[in-house]
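Chemist: Sequence:
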Amino acid sequence: MGRARKSGAPKPKVSRALRETIREKGLTAYSAAKKSGVSVDAVQRFLNEERGLSLATVDKLADSLGLTLCPDDSGAEEAN
0 MGRARKSGAP KPKVSRALRE TIREKGLTAY SAAKKSGVSV DAVQRFLNEE RGLSLATVDK
60 LADSLGLTLC PDDSGAEEAN
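Anchor point for the sequence shown: position 54 equals 53 in numbering that gives the first Met the number 0, and the numbering is continuous, going up by one each time.
None of these hints come from the bench; they were simulated from the model. Incorrect hints may have been included.
27 Å max Cα-Cα, derived DSS-like pairs, lysine-lysine [claimed, not checked]:
#1 K33 - K59
#2 K34 - K12
#3 K59 - K34
#4 K59 - K24
#5 K34 - K24
#6 K59 - K12
#7 K12 - K24
#8 K12 - K33
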């Protein structure tokens, strides 16, 4: 079984951004899945916030949407 998220906990930023991008592009779960090679069920459940995705699946979806995922550098120190 997967871990349950506490109701007040914020959603992970990558998941939220990916979900929003799919919707902004007007894609359905079916079209996003076919474009990325991910199962329709996995994408549908992800869009409905019923489950998360593995990093490999996130990579496939991001690639198919033309997105580049990068680490958050907001906490990194500036190089002098």
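Chemist: If a hint holds in the structure, say so; if it does not, say that too.
Modeler: Status of each hint after checking the structure:
A distance of roughly 11 Å separates the Cα atoms of K33 and K59; the hinted pair therefore holds under the 27 Å criterion. Taking the CA atoms of K34 and K12, the gap is about 22 Å. The hint holds against a cut of 27 Å. For the proposed pair K59 and K34, the alpha carbon gap of about 9 Å is at most 27 Å, so the pair holds. Simply put, K59 and K24 have alpha-carbon atoms about 16 Å apart, close enough for the 27 Å limit, and the pair holds.
With a C-alpha separation of about 13 Å, the suggested pairing of K34 with K24 holds against the 27 Å cut-off. About 17 Å separates the Cα atoms of K59 and K12, which keeps this hinted pair within 27 Å; it holds. Simply put, K12 and K24 have alpha-carbon atoms about 18 Å apart, close enough for the 27 Å limit, and the pair holds. With a C-alpha separation of about 24 Å, the suggested pairing of K12 with K33 holds against the 27 Å cut-off.
Of the numbered hints given earlier, the model fails none.
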